[in-house]
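Asker: In case you want the letters, here they are:
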Amino acid sequence: MTNTGQLSRRSLLAAAGFAGLAVLTGCGSGDDVGDSKDLSKKRNGAMKKYNAGEQFKATKALSFSVLHNNNPTYPRKQSWLFWKEVTKRTGITLQPVDVPLSDYEKKRSLLIGSGDAPFLIPKTYHPSEVAFVSSGAILPVSEYVHLMPNFQDKVKRWKLEPELDSIRQSDGKYYLLPGLHEKPKSGYSLSFRTDILEKIGVSLPTTWDEVYDVLKAIKAEYPDSYPLSDRWSTNTVFPAAALLSYLGQAYGVRAGWTYENITFDAKTQKFVFTGATDEFRQVIEYLRKLVAEKLMDPESFTQTDDNAVKKLLAEKSFAISANPQELVQKYRYNLERQVKGAKIEMIPVPIGPAGEIVLGGIRLENGLMISSKALKSDNFVALMQFTDWLFYSDEGQAFCKWGVEGVTYTKSGGQYKLKPGISLMGSDPKAPKDLQKDYGFFNGVFTYGGSWQLVSSTFGPDEKKFQDVMARRKQTPIAPAHPLRSAEQEQASLWETPLTDHMNQNTLKFALGKRPMSEWDDYVTELKAKNMQQLVDLHNKAYERYKKDNG
Amino acid sequence: MVSIQTPTRAATTVTGPTRGYRVFQGVNAVILTLVVVVTLYPIINIVARSLSGEHQIRAGEVTLWPKGFNLTTYKIVFQDGTFWRSYGNTVLYTVLSTAVAMALTTIYAYVLSKKDLRGRTFLVGIAVFTMFFSGGLIPNYVLITSLGLKNSIWAIALPNAISVFNLLVMKAFFENMPAELEEAAQIDGLSTYGTLLRIVLPLSKAVIATMVLFYSVSFWNSWFSAFLYMDRADLMPVTVYLRNLIAGATEGGNAGAAADQLTQAAANIQSVTIVLTALPILAVYPFVQRYFVSGVMLGAVKG
Numbered sequence: 015m016t017n018t019g020q021l022s023r024r025s026l027l028a029a030a031g032f033a034g035l036a037v038l039t040g041c042g043s044g045d046d047v048g049d050s051k052d053l054s055k056k057r058n059g060a061m062k063k064y065n066a067g068e069q070f071k072a073t074k075a076l077s078f079s080v081l082h083n084n085n086p087t088y089p090r091k092q093s094w095l096f097w098k099e100v101t102k103r104t105g106i107t108l109q110p111v112d113v114p115l116s117d118y119e120k121k122r123s124l125l126i127g128s129g130d131a132p133f134l135i136p137k138t139y140h141p142s143e144v145a146f147v148s149s150g151a152i153l154p155v156s157e158y159v160h161l162m163p164n165f166q167d168k169v170k171r172w173k174l175e176p177e178l179d180s181i182r183q184s185d186g187k188y189y190l191l192p193g194l195h196e197k198p199k200s201g202y203s204l205s206f207r208t209d210i211l212e213k214i215g216v217s218l219p220t221t222w223d224e225v226y227d228v229l230k231a232i233k234a235e236y237p238d239s240y241p242l243s244d245r246w247s248t249n250t251v252f253p254a255a256a257l258l259s260y261l262g263q264a265y266g267v268r269a270g271w272t273y274e275n276i277t278f279d280a281k282t283q284k285f286v287f288t289g290a291t292d293e294f295r296q297v298i299e300y301l302r303k304l305v306a307e308k309l310m311d312p313e314s315f316t317q318t319d320d321n322a323v324k325k326l327l328a329e330k331s332f333a334i335s336a337n338p339q340e341l342v343q344k345y346r347y348n349l350e351r352q353v354k355g356a357k358i359e360m361i362p363v364p365i366g367p368a369g370e371i372v373l374g375g376i377r378l379e380n381g382l383m384i385s386s387k388a389l390k391s392d393n394f395v396a397l398m399q400f401t402d403w404l405f406y407s408d409e410g411q412a413f414c415k416w417g418v419e420g421v422t423y424t425k426s427g428g429q430y431k432l433k434p435g436i437s438l439m440g441s442d443p444k445a446p447k448d449l450q451k452d453y454g455f456f457n458g459v460f461t462y463g464g465s466w467q468l469v470s471s472t473f474g475p476d477e478k479k480f481q482d483v484m485a486r487r488k489q490t491p492i493a494p495a496h497p498l499r500s501a502e503q504e505q506a507s508l509w510e511t512p513l514t515d516h517m518n519q520n521t522l523k524f525a526l527g528k529r530p531m532s533e534w535d536d537y538v539t540e541l542k543a544k545n546m547q548q549l550v551d552l553h554n555k556a557y558e559r560y561k562k563d564n565g
Numbered sequence: 029m030v031s032i033q034t035p036t037r038a039a040t041t042v043t044g045p046t047r048g049y050r051v052f053q054g055v056n057a058v059i060l061t062l063v064v065v066v067t068l069y070p071i072i073n074i075v076a077r078s079l080s081g082e083h084q085i086r087a088g089e090v091t092l093w094p095k096g097f098n099l100t101t102y103k104i105v106f107q108d109g110t111f112w113r114s115y116g117n118t119v120l121y122t123v124l125s126t127a128v129a130m131a132l133t134t135i136y137a138y139v140l141s142k143k144d145l146r147g148r149t150f151l152v153g154i155a156v157f158t159m160f161f162s163g164g165l166i167p168n169y170v171l172i173t174s175l176g177l178k179n180s181i182w183a184i185a186l187p188n189a190i191s192v193f194n195l196l197v198m199k200a201f202f203e204n205m206p207a208e209l210e211e212a213a214q215i216d217g218l219s220t221y222g223t224l225l226r227i228v229l230p231l232s233k234a235v236i237a238t239m240v241l242f243y244s245v246s247f248w249n250s251w252f253s254a255f256l257y258m259d260r261a262d263l264m265p266v267t268v269y270l271r272n273l274i275a276g277a278t279e280g281g282n283a284g285a286a287a288d289q290l291t292q293a294a295a296n297i298q299s300v301t302i303v304l305t306a307l308p309i310l311a312v313y314p315f316v317q318r319y320f321v322s323g324v325m326l327g328a329v330k331g
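Chains as they are written, first to last, in the numbering used here: chain G, 15 to 565; chain F, 29 to 331.
Okay, chain G solo, but in the shape it has when bound (with noise of 0.2 Å):
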């Protein structure tokens, strides 16, 4: 579809840069300027025939640099297993560049900046990818898909094209390869003391009103407390972010750290501002309810996560947003320790008026971008099927997570257990291995996305029942392309600041009674002053060429 026009023009530009340079040099011969789209040169080390499933054989032994962001939590050592697993199977030898976690963000730009950029960058959340797209120093990924079978089958059996083209730019070719995930995978949702409500004589809620009412009755027994004192309103410019995001699902809208100012109304076919809906209001009147009632701490939303853990350890409040991990490592295991009896239980994300759905787009996660030097190397394709391998083939993935059968896992019946002795963050405390600390598998740097089976391998049993109960659920659909062009985003990133600083400091308003609804239209009318409209307008814009574009 848009190949051929790009093609052409590709060609065209390319032989004009040809005769500029014959021109100026009197000698065009000497400079391999070329067709990048001829890839015949560039087949060292690649295999003739490479297919979904197979195993990945360099013909020749090569290596990569990979930008390897170094986690202080397993801290990179030459002597883990992966590196010399990757060579053994691949014939690949992965050259890191250490980059701290810390400030991996900053020395990336450094690095692609300077043309000093490693050929693998992984780690890239979308849309940072975007910031780089002019520059040229990105490959345009898109173009070189065929070249990774197990990609290309990923996609098309998870059905994920509506997902990738959400990441496409302009262009119309995306930079980012994703990670892929069969289902969505949910992050947060709230935490109960279970043996309070227990005492009291109410079950879990299972739906917003009744997680009101749950509230309410904690609120009767205790009086002085409040009874949902929440977190994560620091290091991020959302108030009560991750409460906002999993409340703004039940209504159907992106709040809280999955906001985003553009919303796709189905209704109406248009792009819509997410912080004047009415779906935004009625999340915004809900917390504020349970704000007016004193069932909700109003420093929720903006003490630090410290200070709200410590006001549940110390009984003064009763239910706090969870993930998986922070429910058993941190809220249980220091309850147990300090208050007799006390139970604690994370339930699925509450339904509320839009019905059991889950936000869509979810299944991409971050993923990699390549550097547009690897394309000048003759080892491209090899590091393309190589790329293609180890982090999307079922083989390669498993590895990268598990590690080696055998040596650090077992399988049986689909169930993955490690070895004995090896321990996978805090699973066996007096094990003497640690997977990622001493072996290097499960490193976030290679192990994203997957299959439901490998995915879901790794949960805890709590984590388990409530991804089971998510994974049910309905995704919404993914807003259609809308790629803006480089001078509009620098417009569009102008004016979306301010947008969002007035739509947080008004859900702060709002929520803790301090301006009422009836203000509602004020506010929306002061979004307007702020170029809400002109915004609205230019992705709507975008959205309109992109499907003329691309049909």
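Keep in mind that the hints were calculated from the coordinates and are not lab data.
All values derive from a computational prediction rather than experimental measurement.
Just so you know, even glycine gets a beta-carbon here, dropped at the ideal spot from N, CA and C.
Be careful, since some hints might not be right.
To be verified - Computed list of lysine-lysine pairs in DSS-like fashion (alpha-carbon distance at most 27 Å, straight line):
hint	chain 1	residue 1	chain 2	residue 2
1	G	120	G	102
2	G	478	G	173
3	G	197	G	562
4	F	178	G	387
5	G	91	F	178
6	G	387	G	120
7	G	561	G	233
8	G	308	G	284
9	G	387	G	425
10	G	447	G	431
11	G	451	F	103
12	G	120	F	178
13	G	187	G	213
14	F	103	G	447
15	G	387	G	98
16	F	103	G	91
17	F	95	G	330
18	G	233	G	357
19	G	354	G	233
20	G	91	G	444
21	G	433	G	98
22	G	284	G	187
23	G	173	G	197
24	G	230	G	284
25	G	173	G	561
26	G	390	F	178
27	G	303	G	324
28	G	562	G	170
29	F	95	G	324
30	G	354	F	178
31	G	444	F	103
32	G	98	F	103
As the list claims (entries may be wrong) - Chain G is faced by these chain F residues, among others (derived, beta-carbon under 8 Å):
hint	residue
33	165
34	170
35	268
36	272
Once you've looked at the hints, dock chain F against the given chain G.
Answerer: What follows is chain F alone, placed relative to chain G:
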């Protein structure tokens, strides 16, 4: 410094301090006490946390005095190879970089202090120019890389070898030195280098001690150039290690970071590492401080 000034001022008045002056002193005392509290509290708090039980830290009970005293975390950190390797790197980088910086700064400052030097204004000018304008991050990075300094200690030592502020302080100090001393030395047959090494430097201990302190503290605390120019974790100084440790512990709740990749680094591991990192500097300061005060003042007053 205020405590030095107060008695001399007070002594000049015959009828005792005026009312206004006493108010001034009172306000001063209050403000300075506040400054001391604000400065000391975090340090004491961190030390107390580093010696406390994890329980008590989580419960927020630790303020000034350790609760649930234990040294387990110190034992854990002491056994951590990465910590010690980073620590060794920091010591190495600091010592070498300070030596290089001192050599270059002293020579440059000494030359600039000579009034009869031709092109002196220009030489001062190009140094001062770099104080206000820099090439920027990416050009600097490209420069260091193409000089082949990446992943070597020189990437840290050379670009930061001359701090213009330190250079100017030293220059002012050398300018204040009586020219007659050097003239006498020259008459007695000393070369330029001989004069510098045998006459000028031995008389400049105060300013040298101050500069060594300035440089070594800044190299000890710096993390950015190592972060920029080092590609391997085993070359990183302890500051980068610490920064990463703290980021790893706080980033757990970020929506972006895959939460299951990050387990919580205990609050007291951070405190222990902070204490161990700051300790050498804290220990050295009191000993160098007397030079420090005189060294800074010496360049300041010109007769």
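Asker: Indicate, hint by hint, whether the structure satisfies it.
Answerer: Hints versus structure:
A C-alpha spacing of about 33 Å is found between residue 120 of chain G and residue 102 of chain G, which places the hinted pair above 27 Å, so the restraint is violated. Our distance criterion of 27 Å between C-alpha atoms is met by residue 478 of chain G and residue 173 of chain G, whose separation comes to about 24 Å. Between residue 197 of chain G and residue 562 of chain G the alpha-carbon distance is near 31 Å, which puts this suggested pair outside the 27 Å criterion. About 20 Å separates the Cα atoms of residue 178 of chain F and residue 387 of chain G, which keeps this hinted pair within 27 Å; it holds.
Restraint check for residue 91 of chain G and residue 178 of chain F: satisfied, since their Cα atoms lie roughly 20 Å apart, inside the 27 Å limit. Simply put, residue 387 of chain G and residue 120 of chain G have alpha-carbon atoms about 20 Å apart, close enough for the 27 Å limit, and the pair holds. About 53 Å separates the Cα atoms of residue 561 of chain G and residue 233 of chain G, which puts this hinted pair outside 27 Å; it is violated. Our distance criterion of 27 Å between C-alpha atoms is broken by residue 308 of chain G and residue 284 of chain G, whose separation comes to about 39 Å.
Only pairs whose Cα atoms come within 27 Å are accepted, and residue 387 of chain G paired with residue 425 of chain G is rejected, the gap being roughly 40 Å. With a C-alpha separation of about 15 Å, the suggested pairing of residue 447 of chain G with residue 431 of chain G holds against the 27 Å cut-off. With a C-alpha separation of about 19 Å, the suggested pairing of residue 451 of chain G with residue 103 of chain F holds against the 27 Å cut-off. Straight-line distance between C-alpha atoms of residue 120 of chain G and residue 178 of chain F comes to about 17 Å, which keeps the hinted pair within the 27 Å bound.
With a C-alpha separation of about 57 Å, the suggested pairing of residue 187 of chain G with residue 213 of chain G is violated against the 27 Å cut-off. At roughly 19 Å between alpha-carbon atoms, residue 103 of chain F and residue 447 of chain G fall within 27 Å of each other, so this suggested pair holds. For the given pair, residue 387 of chain G sits about 26 Å from residue 98 of chain G by alpha-carbon distance, which is consistent with the 27 Å threshold. At roughly 22 Å between alpha-carbon atoms, residue 103 of chain F and residue 91 of chain G fall within 27 Å of each other, so this suggested pair holds.
Between residue 95 of chain F and residue 330 of chain G the alpha-carbon distance is near 22 Å, which keeps this suggested pair within the 27 Å criterion. With a CA separation close to 18 Å, the supplied pair residue 233 of chain G and residue 357 of chain G stays within the 27 Å bound. For a cut-off of 27 Å, the pair hint linking residue 354 of chain G to residue 233 of chain G stands: about 21 Å separates their Cα positions. About 22 Å separates the Cα atoms of residue 91 of chain G and residue 444 of chain G, which keeps this hinted pair within 27 Å; it holds.
Between residue 433 of chain G and residue 98 of chain G the alpha-carbon distance is near 19 Å, which keeps this suggested pair within the 27 Å criterion. About 23 Å separates the Cα atoms of residue 284 of chain G and residue 187 of chain G, which keeps this hinted pair within 27 Å; it holds. A hinted pair counts as satisfied when its Cα atoms are at most 27 Å apart, and residue 173 of chain G with residue 197 of chain G qualifies at roughly 11 Å. The straight-line distance between the Cα atoms of residue 230 of chain G and residue 284 of chain G is roughly 40 Å, outside the 27 Å bound, and the hint therefore fails.
Restraint check: the Cα-Cα separation between residue 173 of chain G and residue 561 of chain G comes to about 20 Å, which is no more than 27 Å; the hinted pair holds. The straight-line distance between the Cα atoms of residue 390 of chain G and residue 178 of chain F is roughly 24 Å, inside the 27 Å bound, and the hint therefore holds. Distance hint between residue 303 of chain G and residue 324 of chain G is fulfilled; the C-alpha atoms sit about 24 Å from each other, no more than 27 Å. Distance hint between residue 562 of chain G and residue 170 of chain G is fulfilled; the C-alpha atoms sit about 24 Å from each other, no more than 27 Å.
As the CA atoms of residue 95 of chain F and residue 324 of chain G are separated by approximately 17 Å, the hinted pair is consistent with the 27 Å bound. At most 27 Å may separate the alpha-carbon atoms for a hinted pair to count; residue 354 of chain G and residue 178 of chain F exceed this at roughly 56 Å. Straight-line distance between C-alpha atoms of residue 444 of chain G and residue 103 of chain F comes to about 18 Å, which keeps the hinted pair within the 27 Å bound. For the suggested pair residue 98 of chain G and residue 103 of chain F, the alpha carbons sit about 32 Å apart, so the restraint of at most 27 Å is broken.
A distance limit of 8 Å between C-beta atoms decides the matter here; for residue 165 of chain F the minimum to chain G is near 6 Å, and the interface restraint holds. With a cut of 8 Å, the hint placing residue 170 of chain F at the interface with chain G holds, because the nearest CB-to-CB distance is about 5 Å. Look at residue 268 of chain F: its Cβ gets to within about 5 Å of chain G, closer than 8 Å, so that hint holds up. Annotation: interface hint on residue 272 of chain F holds; nearest CB of chain G at approximately 4 Å, less than 8 Å.
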